[in-house]
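Novice: Protein sequences appear in the order of chains A and B.
The first sequence runs 9 to 389 under the numbering used here.
The second sequence runs 435 to 779 under the numbering used here.
Be aware that a few hints might be false.
Unchecked claim - Computed cross-link-like contacts, DSS-like style, restricted to lysine-lysine with a CA-CA straight-line distance of at most 25 Å:
id : chain 1 : residue 1 : chain 2 : residue 2
1  : A       : LYS261    : A       : LYS386
2  : A       : LYS139    : A       : LYS194
3  : B       : LYS629    : A       : LYS265
4  : A       : LYS139    : A       : LYS87
5  : A       : LYS289    : A       : LYS139
6  : A       : LYS265    : A       : LYS289
7  : A       : LYS287    : A       : LYS300
8  : A       : LYS240    : B       : LYS629
9  : A       : LYS214    : B       : LYS629
10 : B       : LYS629    : A       : LYS261
11 : A       : LYS139    : A       : LYS261
12 : A       : LYS194    : A       : LYS214
Claimed, not checked - Computed spacing ranges between beta-carbons, pair by pair:
id : chain 1 : residue 1 : chain 2 : residue 2 : range
13 : A       : GLY186    : B       : LEU628    : 17 to 23 Å
14 : B       : ALA440    : A       : GLN294    : 52 to 58 Å
15 : B       : ILE601    : A       : GLU157    : 55 to 61 Å
16 : A       : ALA191    : B       : GLU550    : 20 to 26 Å
17 : A       : GLY383    : B       : GLU550    : 15 to 21 Å
18 : A       : LYS87     : B       : GLY673    : 56 to 62 Å
19 : B       : ILE592    : A       : GLN242    : 37 to 43 Å
20 : A       : GLY264    : B       : LEU502    : 32 to 38 Å
Hint data in this document are derived by calculation from the structure and do not stem from the laboratory.
Please read these numbers as outputs of a predicted model, since none were measured by experiment.
By construction, the Cβ of each residue, glycine as well, lies at the ideal position given by its N, Cα and C atoms.
Next come the chains, spelled out residue by residue.
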Amino acid sequence: MLSKKLLSAVALTTTFACSVAQAEIKVGVVTSSTGPIALVGIPQKNSVPLLPTTIAGEKVTYINLDDSSDPSTAVKAFKKLINDEQVDAIIGPSGTASAMGVIQFAAGSGTPMLAPTGSAAVVLPMTEQKKWVFKTTQNDDLIASALVEQMQKDGIKTLGMIGTADPYGENWAKVMAGLTEKAGIKITASESFQRQDTSITGQALKVFMANPDAVLVAAPGSSSVLPQTTLKEQGYQGRMYQTHGAALDPFLKLGGKAVEGTVLAASLMLVLDEVADSKSKEIATQYVNDYKALYGHAPATFGANVYDAGLLLQNAIPVALKSAKPGTKEFRAALRDALENTSELAATQGVYNMTPADHSGFDERGRVMITVKDGQWKLLK
Amino acid sequence: MNFQIAVLLGQDGITNGAIYALLALSIILVFTVTRILLIPLGEFVTYGALTMAAFQSGRSTGVVWLLLIMIVIGCALDIRNLLKNGYDLRKVQWIILKLAYAGAMVALTQLLTLSEIPMFLQVILTMMLLVPVGPMMYRLFFQPIASAQPLVLLIVSIAVHVAMVGIGLLLFGPEGGRTQPFSDTVFRLGSVMLKSQTLWVIIVSIALIVFLFLAFERTLYGKALRATAVNRMGARLMGISPDFAGKATFALAAFIGVLSGILIAPITTLYFDSGFVISLKGFVGAIIGGLISYPLAAIGAVGVGLVEAFSMFWASDYKEVIVFTLIIPFLIWRSLTSHHVEDEE
Numbered sequence: 009m010l011s012k013k014l015l016s017a018v019a020l021t022t023t024f025a026c027s028v029a030q031a032e033i034k035v036g037v038v039t040s041s042t043g044p045i046a047l048v049g050i051p052q053k054n055s056v057p058l059l060p061t062t063i064a065g066e067k068v069t070y071i072n073l074d075d076s077s078d079p080s081t082a083v084k085a086f087k088k089l090i091n092d093e094q095v096d097a098i099i100g101p102s103g104t105a106s107a108m109g110v111i112q113f114a115a116g117s118g119t120p121m122l123a124p125t126g127s128a129a130v131v132l133p134m135t136e137q138k139k140w141v142f143k144t145t146q147n148d149d150l151i152a153s154a155l156v157e158q159m160q161k162d163g164i165k166t167l168g169m170i171g172t173a174d175p176y177g178e179n180w181a182k183v184m185a186g187l188t189e190k191a192g193i194k195i196t197a198s199e200s201f202q203r204q205d206t207s208i209t210g211q212a213l214k215v216f217m218a219n220p221d222a223v224l225v226a227a228p229g230s231s232s233v234l235p236q237t238t239l240k241e242q243g244y245q246g247r248m249y250q251t252h253g254a255a256l257d258p259f260l261k262l263g264g265k266a267v268e269g270t271v272l273a274a275s276l277m278l279v280l281d282e283v284a285d286s287k288s289k290e291i292a293t294q295y296v297n298d299y300k301a302l303y304g305h306a307p308a309t310f311g312a313n314v315y316d317a318g319l320l321l322q323n324a325i326p327v328a329l330k331s332a333k334p335g336t337k338e339f340r341a342a343l344r345d346a347l348e349n350t351s352e353l354a355a356t357q358g359v360y361n362m363t364p365a366d367h368s369g370f371d372e373r374g375r376v377m378i379t380v381k382d383g384q385w386k387l388l389k
Numbered sequence: 435m436n437f438q439i440a441v442l443l444g445q446d447g448i449t450n451g452a453i454y455a456l457l458a459l460s461i462i463l464v465f466t467v468t469r470i471l472l473i474p475l476g477e478f479v480t481y482g483a484l485t486m487a488a489f490q491s492g493r494s495t496g497v498v499w500l501l502l503i504m505i506v507i508g509c510a511l512d513i514r515n516l517l518k519n520g521y522d523l524r525k526v527q528w529i530i531l532k533l534a535y536a537g538a539m540v541a542l543t544q545l546l547t548l549s550e551i552p553m554f555l556q557v558i559l560t561m562m563l564l565v566p567v568g569p570m571m572y573r574l575f576f577q578p579i580a581s582a583q584p585l586v587l588l589i590v591s592i593a594v595h596v597a598m599v600g601i602g603l604l605l606f607g608p609e610g611g612r613t614q615p616f617s618d619t620v621f622r623l624g625s626v627m628l629k630s631q632t633l634w635v636i637i638v639s640i641a642l643i644v645f646l647f648l649a650f651e652r653t654l655y656g657k658a659l660r661a662t663a664v665n666r667m668g669a670r671l672m673g674i675s676p677d678f679a680g681k682a683t684f685a686l687a688a689f690i691g692v693l694s695g696i697l698i699a700p701i702t703t704l705y706f707d708s709g710f711v712i713s714l715k716g717f718v719g720a721i722i723g724g725l726i727s728y729p730l731a732a733i734g735a736v737g738v739g740l741v742e743a744f745s746m747f748w749a750s751d752y753k754e755v756i757v758f759t760l761i762i763p764f765l766i767w768r769s770l771t772s773h774h775v776e777d778e779e
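One chain only, chain A, in its complex shape (with noise of 0.2 Å):
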């Protein structure tokens, strides 16, 4: 593990090395691959030697810097990148709060940015400047609609939630407000808490005190196990859903017995074993393998958000080559326009169709319902 990460810190250092020669497409990466979000940072800045090296025969570097988590760090470094690299396009940063931040650097040194970030407010409501923005993530409304749906199936009436203090679970409080007053089931319960806390027995009382059909927790990473345990430590007895952030193999672990029957909806790199066929399964199975072969395990769906990034450039610099030089801003303009015409492009985690509109692209192709059985990941029949 440690000789491993050692490595990623040498190739990381070669390839600043490299970058002083010319005439190539320049991609700036930024991850936050320590601090508190260190969780999606980490499997993102792996994915980096992953993502296409050559695109249409020109040689493609990927320069990759850390924000430590720190909106600030992060402006640096895209200034960094935009300044003195002159890069042709940035994948980065990783957290929402610094995404917020570089947004008008990017647009105002005319630089396409390709967010691996949740929430969707770095591209909703379309502004002058968020036109510089993508997002490779699914919106949290594409998520929260089938939860909804899935909800109203169950014939859920009464609904208790459990959100971070942070971007994200204020995030979901908002959608999730507006959704199930649309489809009729009442929030009878919002309770949030940070990351850090050691114990939530309070919240959770609230929440069970208010005893509502089924609760749902929006936290991101394994700090979405805790509310669940400790509400079935008190006996709780409703249905659990979770949101796509507790998507990852941590929470099987630490939840344990508890998190049993939790139902939720991500992306389809979870159950790549049981979906159907597609273009999306093909493609995230490879790279689930090279990930594995590379670093030993499985990577964690934010990688994939990365890798995504990759395959969008990879479809979109071509267009853009025919028009302009590398480097150039013209390159860039034509970069973004092309990005912004990216039509039914496959990726690990669904169908990208970019519209002036809808810089996320995602349809209800890069969602499925999912649901823990006998401590694994299952699709939920």
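We have chain A already, so just place chain B on it with the hints.
Specialist: Same frame as chain A, but now just chain B:
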């Protein structure tokens, strides 16, 4: 709010409060003896919990390499001192002993199948791996500047904390860990449920506090540490080595920190960066005790735990705000009642 909920929250508050109390005690202990505010204390908590979690999930732990590296650097510094100050048989023996210990630890972690040994042994092994990191930390970072200004010591302390968080990410990964409970038993007192892990936390905390009390009241080493806390220069004149006092308090603090981590690991998910907030709440307790009074600090820390538990029920969004605002009235009260004492050095 009915009786049952109050009991559940109270139980939760006392469990966390007991941990904060232990941490508050070690913060005061380290501060009075060495004038260092031990910011990295929380990292011992997370390292302890995450090492146990790594043992149980059968992953290899890099912690032993951290220990090995720290001991080797420490010994190298000792040898340089020996070369400068002349040969001393006892010191040479110590160096050999320390290196042998590190070697033994490496052998143990490599040879044993860690996920299969009994939990009690896992706890012992976690302790053996992490407690020596405390005195080595003092040896490497604080001993060379032991007589510096408290502010300098604080800055170094923060630097060590930041480094330890980064190393924690490298050693344990970002996922966070949780361990098996010591036992699954649940006690019932009437309609109220008591988790056995909660009892474990409370019993061990009380036992530890009693043990510390006895150690400081009755043993020669305890009295030597107390003497250093009361008057550093005077203790030194009486032949108490400040280096020894520093290492001993750091070892105690590391012991308490690691034990706290092991105790709470079954009830919560800890991350590589969880330690700071936990030790900060212990720090609030220590402030309530004026960084000098052990009983006041312990009571204050339990109070912090209770306030935290009830405020997360009533106003979960403002929980941290409420907990850390507690510090202000106590600071005002402290500054009004206490008179300034000149530093004796």
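Novice: For every hint, state whether the structure bears it out.
Specialist: So, going through the hints one by one against the coordinates:
Note on LYS261 of chain A and LYS386 of chain A: the hinted pairing holds, with a Cα-Cα distance of about 15 Å set against a maximum of 25 Å. Simply put, LYS139 of chain A and LYS194 of chain A have alpha-carbon atoms about 36 Å apart, too far for the 25 Å limit, and the pair is violated. In summary, the hint linking LYS629 of chain B to LYS265 of chain A is supported, as the alpha carbons are separated by about 17 Å, within the 25 Å threshold. Simply put, LYS139 of chain A and LYS87 of chain A have alpha-carbon atoms about 19 Å apart, close enough for the 25 Å limit, and the pair holds.
Under the criterion of a C-alpha separation no larger than 25 Å, the hint pairing LYS289 of chain A with LYS139 of chain A is inconsistent with the structure, at around 30 Å. Pair hint LYS265 of chain A plus LYS289 of chain A does not hold up; C-alpha atoms about 29 Å apart against a cutoff of 25 Å. Restraint check for LYS287 of chain A and LYS300 of chain A: the C-alpha separation of about 20 Å stays at or below 25 Å, so the hint holds. Proposed proximity of LYS240 of chain A and LYS629 of chain B is supported: the alpha carbons are some 13 Å apart, at most 25 Å.
A hinted pair counts as satisfied when its Cα atoms are at most 25 Å apart, and LYS214 of chain A with LYS629 of chain B qualifies at roughly 19 Å. Restraint check for LYS629 of chain B and LYS261 of chain A: the C-alpha separation of about 22 Å stays at or below 25 Å, so the hint holds. Proximity of LYS139 of chain A to LYS261 of chain A is assessed by CA-CA distance (about 40 Å); at most 25 Å being required, the pair is judged violated. At roughly 16 Å between alpha-carbon atoms, LYS194 of chain A and LYS214 of chain A fall within 25 Å of each other, so this suggested pair holds.
Checked against the hint of 17 to 23 Å, the pair GLY186 of chain A and LEU628 of chain B fails, with Cβ atoms roughly 42 Å apart. Between ALA440 of chain B and GLN294 of chain A the Cβ separation comes to about 56 Å, which falls inside the hinted range of 52 to 58 Å. At roughly 45 Å, the beta carbons of ILE601 of chain B and GLU157 of chain A sit outside the given window of 55 to 61 Å. Against the hinted window of 20 to 26 Å, the Cβ-Cβ separation of ALA191 of chain A and GLU550 of chain B comes to about 49 Å, which falls outside the hint.
Evaluation of the 15 to 21 Å hint for GLY383 of chain A and GLU550 of chain B yields a pass: the beta carbon distance comes to about 20 Å. For the hinted restraint 56 to 62 Å between LYS87 of chain A and GLY673 of chain B, the CB-CB distance of approximately 59 Å keeps it satisfied. Remark: the range hint 37 to 43 Å for ILE592 of chain B to GLN242 of chain A is upheld by a beta-carbon distance near 38 Å. The supplied range of 32 to 38 Å is met by GLY264 of chain A and LEU502 of chain B, whose beta-carbon atoms lie about 33 Å from each other.
When held up to the earlier numbered hints, the structure conflicts with 2, 5, 6, 11, 13, 15 and 16 and fits the remainder.
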